[in-house]
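**Student:** Take a look at the letters that make up each chain.
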Amino acid sequence: MFSLAVFLQSFEPLLWAARYTLLISILGIGLGLVIGTLVCAARLSPYPLLRRFAAIWVSFLRGVPLLVQLLVFYYALPVIGLDVPAMVAAVVTVGICASAYISEIWRGAIAALPRGQAEAAVAIGMTPFDVWIRVILPQAVTLSLPALINELILLVKASSLVSVVGILEITRASQAQAATTFRPLEVYIAAACIYLVINLCLAALGRYLEHRTAV
Amino acid sequence: MDWSMLQQYGPSLLKGFANTIVCWALGTVFGMALGLVIALIQRYAPRWVTWIIQVYIEVIRGTPFLVQLFVLYYGGPLIGLRLDALPAGLLGLTIYGSPYFAEIFRSGFRAVPDGQIEAARAIGMAEGHIVRRILLPLGLVSALPALVNFSIILTKETVILSIITVPELLYQVQRMSAETFRYVEANLVLALFFWGLVETISRVGHRLEARITKHLIERT
Numbered sequence: 001m002f003s004l005a006v007f008l009q010s011f012e013p014l015l016w017a018a019r020y021t022l023l024i025s026i027l028g029i030g031l032g033l034v035i036g037t038l039v040c041a042a043r044l045s046p047y048p049l050l051r052r053f054a055a056i057w058v059s060f061l062r063g064v065p066l067l068v069q070l071l072v073f074y075y076a077l078p079v080i081g082l083d084v085p086a087m088v089a090a091v092v093t094v095g096i097c098a099s100a101y102i103s104e105i106w107r108g109a110i111a112a113l114p115r116g117q118a119e120a121a122v123a124i125g126m127t128p129f130d131v132w133i134r135v136i137l138p139q140a141v142t143l144s145l146p147a148l149i150n151e152l153i154l155l156v157k158a159s160s161l162v163s164v165v166g167i168l169e170i171t172r173a174s175q176a177q178a179a180t181t182f183r184p185l186e187v188y189i190a191a192a193c194i195y196l197v198i199n200l201c202l203a204a205l206g207r208y209l210e211h212r213t214a215v
Numbered sequence: 001m002d003w004s005m006l007q008q009y010g011p012s013l014l015k016g017f018a019n020t021i022v023c024w025a026l027g028t029v030f031g032m033a034l035g036l037v038i039a040l041i042q043r044y045a046p047r048w049v050t051w052i053i054q055v056y057i058e059v060i061r062g063t064p065f066l067v068q069l070f071v072l073y074y075g076g077p078l079i080g081l082r083l084d085a086l087p088a089g090l091l092g093l094t095i096y097g098s099p100y101f102a103e104i105f106r107s108g109f110r111a112v113p114d115g116q117i118e119a120a121r122a123i124g125m126a127e128g129h130i131v132r133r134i135l136l137p138l139g140l141v142s143a144l145p146a147l148v149n150f151s152i153i154l155t156k157e158t159v160i161l162s163i164i165t166v167p168e169l170l171y172q173v174q175r176m177s178a179e180t181f182r183y184v185e186a187n188l189v190l191a192l193f194f195w196g197l198v199e200t201i202s203r204v205g206h207r208l209e210a211r212i213t214k215h216l217i218e219r220t
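If you read the sequences in order, they're chains A and B.
Using UniProt numbering, you'd call the opening residue of the first sequence number 1 and step up by one each time.
Using UniProt numbering, you'd call the opening residue of the second sequence number 1 and step up by one each time.
Hints in this document: simulated from the structure, not taken from any laboratory.
Glycine residues also receive a C-beta, built at the ideal position from the N, C-alpha and C atoms.
Among the hints, a few may not be true.
[Said to hold, decoys possible] Lysine to any residue pairs mimicking SDA-like chemistry, simulated, CA-CA at most 20 Å apart: (1) K157(A) <-> I164(B); (2) K156(B) <-> Y101(A); (3) K156(B) <-> V29(B); (4) K157(A) <-> V29(B).
[Claimed, not checked] Here's a subset of chain B near chain A, in silico, CB distances under 10 Å, partners left out: (5) W51; (6) Q54; (7) T63; (8) P64; (9) L78; (10) I117; (11) I134; (12) L136; (13) P137; (14) L140; (15) V159; (16) V173; (17) S177; (18) L188; (19) L190.
[To be verified] Simulated restraints on C-beta separations: (20) R110(B) <-> A55(A): 32 to 38 Å; (21) E118(B) <-> R207(A): 40 to 46 Å; (22) R211(B) <-> V84(A): 34 to 40 Å.
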């Protein structure tokens, strides 16, 4: 039967490991934002070659399961001479994968802005740089905030997969805990609870931002 | 890459691929069916039932698929739920997909104009009749793109089943690379394979979507 004592006891090691789940998710979304912005810029650029490259980047990363991407990176990096710690490989993979989704979020937000805005800015004599920095991007960023929070929630869940390459985050810690206590049910439910609390908090944040930015 | 190993491992890879497709197809169909039931209950059941279902939806959507599989496959036996890997994986995929499908159906139903349902009531149609003749066909037209999209997303989730030892494609590839030490090539080829698969399925899916939409609109 379900043992409440085991359930409560497993929170301590799992909460300790939760910091790595959060670390991977936050670094992942940070890296994803940087690369995603570049990919989106390439996608919207006037150069066909860059546009094509960005399109392939997005299609590949969205078409291949993250778990397979993780395994490719994990095994391929040492072969090409990059012997990085597993943690770095995991963050880079998660970030690269997120970049494809984030670049699409940016693209959607920019496309959602009325064309007249940019045209009006050009009409009153703004330079193309100013049009982007002062008119398009500030609005696109506010518009896409809820979607970015959503992406962060997805990353928190996806980060459970890095347990496969041996990183001690919530899922890996719960596997170890289940192996020592022989009570997988309680331990995995405890792990699920932690993920749920993290994601409910993020979802609340997303709703707040959506509410605040709604015009 | 040394292609000769394909000869040796070809059959097991094919079997793995077949399992991937079976898991995906059945998981999608069952998940969609459960999602539809949930969406209909959400619409017609009393307040407290919808509240319980809302908790179910939040819990499944707020936790990683992998952890759900662990609870089901490793935790299940403790409460008497003893399943083999494949059925456990199928059940897991069904449960995992159901709240997403339910939300898709729910927003599809919401897109059906109230006037249509009020008109049906006014001419004396029974509630069950309204569901079958008006709510479902009209709701499906607006839900279809999202249904197709989520089904495509589910193809990628099937690889996670390998972690609970469901013998699908990734599991077979892992076994092959463990025996031949060709991790890089094997995983790279698998990645390219999935890329092609997902692109193909999404192309076919969107074409199918257009045809079904046309059919549904003609019928109603």
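**Student:** So, for every hint listed, does it hold in this structure?
**Tutor:** Now the hints, each set against the structure:
{"no.": "1", "hint": "K157(A) <-> I164(B)", "verdict": "17 Å, holds"}
{"no.": "2", "hint": "K156(B) <-> Y101(A)", "verdict": "15 Å, holds"}
{"no.": "3", "hint": "K156(B) <-> V29(B)", "verdict": "16 Å, holds"}
{"no.": "4", "hint": "K157(A) <-> V29(B)", "verdict": "24 Å, violated"}
{"no.": "5", "hint": "W51", "verdict": "16 Å, violated"}
{"no.": "6", "hint": "Q54", "verdict": "12 Å, violated"}
{"no.": "7", "hint": "T63", "verdict": "4 Å, holds"}
{"no.": "8", "hint": "P64", "verdict": "4 Å, holds"}
{"no.": "9", "hint": "L78", "verdict": "4 Å, holds"}
{"no.": "10", "hint": "I117", "verdict": "29 Å, violated"}
{"no.": "11", "hint": "I134", "verdict": "32 Å, violated"}
{"no.": "12", "hint": "L136", "verdict": "29 Å, violated"}
{"no.": "13", "hint": "P137", "verdict": "30 Å, violated"}
{"no.": "14", "hint": "L140", "verdict": "25 Å, violated"}
{"no.": "15", "hint": "V159", "verdict": "4 Å, holds"}
{"no.": "16", "hint": "V173", "verdict": "9 Å, holds"}
{"no.": "17", "hint": "S177", "verdict": "8 Å, holds"}
{"no.": "18", "hint": "L188", "verdict": "6 Å, holds"}
{"no.": "19", "hint": "L190", "verdict": "6 Å, holds"}
{"no.": "20", "hint": "R110(B) <-> A55(A): 32 to 38 Å", "verdict": "34 Å, holds"}
{"no.": "21", "hint": "E118(B) <-> R207(A): 40 to 46 Å", "verdict": "31 Å, violated"}
{"no.": "22", "hint": "R211(B) <-> V84(A): 34 to 40 Å", "verdict": "48 Å, violated"}
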